[in-house]
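> The numbering used here applies: residue 308 is where the sequence shown begins, and numbers increase by one.
Some hints here could point you the wrong way.
[Said to hold, decoys possible] With a cut-off of at most 20 Å between alpha-carbon atoms, the simulated SDA-like pairs for lysine to any residue come out as follows:
hint, residue 1, residue 2
1, 354, 383
2, 354, 369
3, 354, 373
4, 354, 377
5, 354, 366
6, 382, 369
7, 354, 382
8, 354, 341
9, 354, 374
10, 382, 364
[Claimed, not checked] What follows is a set of in silico ranges between Cβ atoms, one per label pair, in the way DEER data are often shown:
hint, residue 1, residue 2, range
11, 382, 345, 39 to 45 Å
12, 316, 384, 29 to 35 Å
13, 373, 319, 27 to 33 Å
Source of the hints: derived by calculation from the structure; they are not laboratory data.
Every residue gets a Cβ at the ideal spot worked out from N, C-alpha and C, and that includes glycine.
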Amino acid sequence: EGVSVAAQQFAQEHPSLAMSKLTTPDPKPQSGSSPDFIQADEFGGPKHGYVFTTRAGILGYHRDRAIAANAAAPKPEHSADWLSR
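Working from the sequences, and respecting the hints, build out all of it.
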């Protein structure tokens with residue numbers, strides 16, 4: 308229950324790599340934010356901020372870690388200073 312077909316198949320084909328208890332991440336947003344995972348058994352086109360891939364044996368749209376890391380990176384206070392020189 309709560310496990311995608313792809314995750315179940317992965318667990319059967321790769322028992323040494325599968326998690327002991329497969330669970331699907333909660334797709335509901337927390338406090339107004341976007342979910343970290345959107346379950347999908349097949350690619351349905353691009354979704355901004357997500358990559359369609361398998362992580363931890365679970366296929367679907369997972370939050371793009373590169374975008375999240377870039378958003379969290381500190382921005383220089385005067386990034387355009389070199390233009391005025």
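> Which of the numbered hints are not met once you compare them with the structure shown?
1, 6, 7, 10, 11 and 12
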